[in-house]
Structures are given as C-alpha cells and as structure tokens.
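Respectively, the protein sequence lines represent chains D and B.
With the working numbering as the guide, the letters of the first sequence map in order to residues 1 to 279.
With the working numbering as the guide, the letters of the second sequence map in order to residues 280 to 558.
Quick caveat, the hints were computed from the structure, so don't treat them as lab data.
It is possible that some hints are incorrect.
In silico EDC-like links for lysine to aspartate or glutamate, alpha-carbon gap of 16 Å or less [to be verified]:
1. B:K426 to B:E402
2. D:K252 to B:E520
3. B:K483 to D:E123
4. B:K537 to D:D133
5. D:K247 to B:D534
6. D:K258 to B:D556
7. B:K531 to B:E542
8. B:K526 to D:E244
9. D:K147 to D:D133
10. D:K41 to D:D51
11. D:K215 to B:E402
12. D:K204 to B:D556
13. B:K303 to B:D412
14. D:K162 to D:E146
15. B:K426 to B:E360
16. D:K252 to D:D267
17. D:K24 to D:E38
18. B:K531 to D:E157
19. D:K252 to B:E543
20. B:K531 to B:E543
21. D:K23 to D:E123
22. B:K494 to D:D277
23. D:K80 to D:D51
24. B:K526 to D:D133
25. D:K271 to B:D450
26. D:K215 to B:D556
27. D:K24 to D:E123
28. B:K366 to B:D343
29. D:K258 to B:E520
30. B:K320 to B:D307
31. D:K147 to D:D171
32. B:K550 to D:E123
33. B:K531 to D:E244
34. B:K331 to B:E283
35. B:K545 to D:D73
36. D:K247 to B:E543
37. D:K266 to B:D352
38. B:K537 to D:E241
39. B:K336 to B:D307
40. B:K494 to D:D267
Owing to the predicted nature of the structure, the values given are computational and were not obtained by experimental measurement.
Number of protein chains: 2
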Amino acid sequence: MNIESICIVGLGLMGGSLGLSLKKLYPDTTICGYDHNEKHKIDALNLKLVDKIINSKDDIMACDVIFLCIPVDAIIAINKELIGISKNSTIIDMGSTKEQISNEIPASIRVNLVASHPMTGTENSGPLAAINDLYGNKTVVLCDTEKSGIKQLQIAEEIFNKLNMNIVYMDSISHDKHAAFISHAPHAISFALANSVLNQEDHKSIIALAGGGFKDMSRIAQSSPAMWEAIFRQNRTNVLESIECFKNELTKCQDMIKEEKWEELKDWMGKANNLHDIL
Amino acid sequence: MNIESICIVGLGLMGGSLGLSLKKLYPDTTICGYDHNEKHKIDALNLKLVDKIINSKDDIMACDVIFLCIPVDAIIAINKELIGISKNSTIIDMGSTKEQISNEIPASIRVNLVASHPMTGTENSGPLAAINDLYGNKTVVLCDTEKSGIKQLQIAEEIFNKLNMNIVYMDSISHDKHAAFISHAPHAISFALANSVLNQEDHKSIIALAGGGFKDMSRIAQSSPAMWEAIFRQNRTNVLESIECFKNELTKCQDMIKEEKWEELKDWMGKANNLHDIL
C-alpha cells in the first residue's frame, strides 16, 4: 500500500521509537512528528526520530496515517478534534486502555480508527528514551476491528507486520480486563513496592542490598505518573478487581506463613512456578 | 593466603556458579564439591563446576574452606555436624537469612563461621543453572563478624574480594529485617502475582499479552519452593512485617483509585519514581 505520509503524535518513548523503526521500514514515506512539548520536538529532530515536525491540526489531518502515542486521556481528547478527517485516513491509537477510546471517538470517524495496544515499552519516557526496534517480536492487540474500515485495518496490519509484531485480535472489554491483570495491576504493585521500601527509616541501607530480583520488581515503578494516572482512571474497575485478586493471593501467602502451614506454602509456590511453562 | 582445598556443599545455581569462578581464581586450589543429590554430582562434574566430588563428612571437614550453598534449614543442620572441625578451617555459609544461622551454630565452632549473604542469583536452580561470574560486581553482606575468627574473616574477605564483590558489614538482626524488604517480600509478591493470573479462567489469553513489565515482575516466581519455604520459615516475623507494609501501600493505591483521588495518586507514583535515584 502506498503511504505518502505518517504523523506520529507524541514523540516520547513509544512514538519516538516508532519513528526510528518507520523511517527504516518506509524510506519513501515522510514521517512527521507532533508534540505539545517544544523541547520534545527539538530533541526528536536532533535524534532523527522523525523526518520533520509539524505544528497544526490541519497538517496532522493531512497525513495518510496518524499514530497517537500519547496518554490515554489525550487520545480521547484528540480524537474529538479529528472530526472531518478524510475517509481515506487511518488513525492508530497506541493507548494501554481500549474500551473508552474505542467507544468515545465521534461516530462519524469511528471507521478511521484502529484501536491498538502494543505490549512493549520500558520504564523510561520522553524522546531521549526512544530505542531501536522497541516493537519487533512483541505482541500488539487490535480491538473491536469490526468497527474499523477495511482499508484502515489493512494499513494497520501492514505496518504492524512490517514492524515484525505478533497481532492478536480482541474485543476492547476483554482487552481492558486482561491488560489490568498483565500490565496495570503489576504497575500498581511495583509503585507500592518502591514506596513500601522508601517509607522505611533505614531505606538507604535496605536499598544498598538490592539484587536482581528487587531491581526487576521495581523497574516499572519508574514509569510516568501522568501516563499511569490516566490509565488507572480509564480502567478503574478492572484495575481495582485485579489488584484485589492479587491481594487475596498475597494474603493467602501471609496466612500460611503466619499459621506455619509450610507444606501448603510450598504447594502454592510450586503452582506459581507453572506460570513459566505458559509464559 | 594459601588455600589448599575448598569444598562447596550444594552444587546448585549458587554453589555451581561459585565453583566456576573459584576454579579460575584459585587454579592451584582443589575445588571439591558435595551434594546429597546423585544427579547433581554427575552434572557438576560433567559441567566442570568443581575439580572433584567428595562424599563423606570427613572429606568435607578436611578442606580449608567450606562454602555452604544449600537451603537455610540445611545450613543450620550441617553446622551442627561440623563440631570438631579444625580451628584453622573456615565455614562460609551463603544463606539468605542470617540471625538463626549465626546463633544456632554450636558455640565451639562459632569462630569458624563467616555468615554471608551474596545479593545475587537467578530464578533458576540446580547445577545446570550455574553461570559464569554470577558474583562479580554484586554485594555480599557479612554478618556478626565480631563472632568470626580473625583468620576466618580474612579468608572470607579475600575470596569475596577476588570474586570482585562489594562487601557490606551488618549485624544479623538488621540483615534479616532488610533482606525481608529487599528480597523476601518481593519473592512472596512475585509468587502471588503469578498465582493471581493463573487463577483467572482465561489465564492463557491473559498471559499471551505479557510484556516486559509482567515478565520482570513474575521472573522470581520461578524460584525453588523448597528453598523459599525455609527462608520464609526462618525469617517469618520480618517477612510478615514487610509484606504488611507493602500491602498497606497497595491498599493506599487502591483507595486513591476507588475514591478517584487522581492528584494524590500522581504524587504517590511520583514518590515511587524517586527510588531509582537511590538504586
């Protein structure tokens, strides 16, 4: 498919890394970037994450494909401003929640949207966090694709295939439930773990002992509060439910330790070991 | 210092990796291995983790330095059997708990013991999990060193320095409190996270979406139940306390989401971000 121009809205880790990959995969396409942060625009140009920066809504709307790599509340807001976009244009949002984004885009441009969630990232943010091949060999979930135009879906699939991603299809309600368990609750847990250690009087002596396990478990506690507030807000019910399920398991563990049920505790840990046969 | 022979008791991940390093660092020393598991002995020899396998308590006690790389309950048990060991011998245990090990070794051989905890490892176990340089650039905690003989402490320090480890000194009570926060509770959390996902009816679809965050958070849920049961048992009070502190933080997070206190939630996540300035 001939794509003349792609605009990436949001030049942080996700958008910036996408720019790096698209510039290689689509050498004949103009990769444009938009960001509301002036410094991000300059950094993105200096780092050659995009070919050029554009500054107006009209310029964004003139692109064949528009990737939205911004917080999930900003995705909903910008979608409302894209009313009147050409029926040939494709909007691909990359938000970590899908139900509200899929439902709240104005009906007249719903066909333009392919609601996607690439299951990749790092704990870092901003254009300087952009890395090569962030997307390769990762899974991307496409949601409610029956609501996307045929052409739009084809374009999105073509791009994700070129990025060497594994495409999974799912309705947005299931996605949001699953994402709460596999991504959103783990972020809440990591933030809580970091804070529980920082709350200790002698936290510096404690942290000095950190090995690989703790470093892994607290890595995503470095994630952007603004981005995660919006995710927790949009997926509030599912996030609360998945945190509750996790807490129930942890309470089980506590109770077994408290009541010295060591055989039961071993069985429970042995069950957890099974995860890695599936993962 | 001239060390003629070193015995590694327990040829799993920790002991096996130690063998690999010691064979390089001490080419003129005989590195002996002992394991109660016959297959581990054969694997360790085949993988050249040690120079030779020894099979009797007398052979173990005849070595200049004895490393105990076995579960923490087994360390306590074997220490009781080492009564009568030469006053020139050094026992270095590598257990993840320190208070009981430091206190329960028979008084007559307490000077022989250097109670240590290397803050390193992987989620894997057994001789096949042994890797090169598991110890380099990692922290090792030495506890209650005033109870160790001068010679024994010097030997332990020399070996850990040769392994290129960062030595930290601490009383065993503080160690066990700190280790509960930085290592033991995170393991309980990881096991609970794995089980909370496995409990879901559609866990396979959920796990198919796992990105780097979940993989990191659940990595140590693959750890050995037998090893961790003994750690949770020996450090029961501290582990329960640190899990409780963590749960309080997570409940705070839940409450902020439930009550839609988004600004407060952002501040709380921002606080967690600070961890990485220290880590």
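Hints, verified against the model:
no.: 1; hint: B:K426 to B:E402; verdict: violated (32 Å)
no.: 2; hint: D:K252 to B:E520; verdict: holds (15 Å)
no.: 3; hint: B:K483 to D:E123; verdict: violated (25 Å)
no.: 4; hint: B:K537 to D:D133; verdict: violated (37 Å)
no.: 5; hint: D:K247 to B:D534; verdict: holds (13 Å)
no.: 6; hint: D:K258 to B:D556; verdict: violated (35 Å)
no.: 7; hint: B:K531 to B:E542; verdict: holds (13 Å)
no.: 8; hint: B:K526 to D:E244; verdict: holds (11 Å)
no.: 9; hint: D:K147 to D:D133; verdict: violated (29 Å)
no.: 10; hint: D:K41 to D:D51; verdict: holds (11 Å)
no.: 11; hint: D:K215 to B:E402; verdict: holds (13 Å)
no.: 12; hint: D:K204 to B:D556; verdict: holds (11 Å)
no.: 13; hint: B:K303 to B:D412; verdict: holds (10 Å)
no.: 14; hint: D:K162 to D:E146; verdict: violated (22 Å)
no.: 15; hint: B:K426 to B:E360; verdict: violated (19 Å)
no.: 16; hint: D:K252 to D:D267; verdict: holds (12 Å)
no.: 17; hint: D:K24 to D:E38; verdict: violated (25 Å)
no.: 18; hint: B:K531 to D:E157; verdict: violated (41 Å)
no.: 19; hint: D:K252 to B:E543; verdict: violated (29 Å)
no.: 20; hint: B:K531 to B:E543; verdict: holds (10 Å)
no.: 21; hint: D:K23 to D:E123; verdict: violated (24 Å)
no.: 22; hint: B:K494 to D:D277; verdict: holds (13 Å)
no.: 23; hint: D:K80 to D:D51; verdict: violated (27 Å)
no.: 24; hint: B:K526 to D:D133; verdict: violated (37 Å)
no.: 25; hint: D:K271 to B:D450; verdict: violated (35 Å)
no.: 26; hint: D:K215 to B:D556; verdict: holds (13 Å)
no.: 27; hint: D:K24 to D:E123; verdict: violated (24 Å)
no.: 28; hint: B:K366 to B:D343; verdict: holds (10 Å)
no.: 29; hint: D:K258 to B:E520; verdict: holds (11 Å)
no.: 30; hint: B:K320 to B:D307; verdict: violated (22 Å)
no.: 31; hint: D:K147 to D:D171; verdict: holds (10 Å)
no.: 32; hint: B:K550 to D:E123; verdict: holds (15 Å)
no.: 33; hint: B:K531 to D:E244; verdict: holds (12 Å)
no.: 34; hint: B:K331 to B:E283; verdict: holds (14 Å)
no.: 35; hint: B:K545 to D:D73; verdict: holds (15 Å)
no.: 36; hint: D:K247 to B:E543; verdict: violated (21 Å)
no.: 37; hint: D:K266 to B:D352; verdict: holds (15 Å)
no.: 38; hint: B:K537 to D:E241; verdict: holds (11 Å)
no.: 39; hint: B:K336 to B:D307; verdict: violated (23 Å)
no.: 40; hint: B:K494 to D:D267; verdict: violated (22 Å)
This entry does not satisfy hints 1, 3, 4, 6, 9, 14, 15, 17, 18, 19, 21, 23, 24, 25, 27, 30, 36, 39 and 40, going by the numbered hints stated previously.
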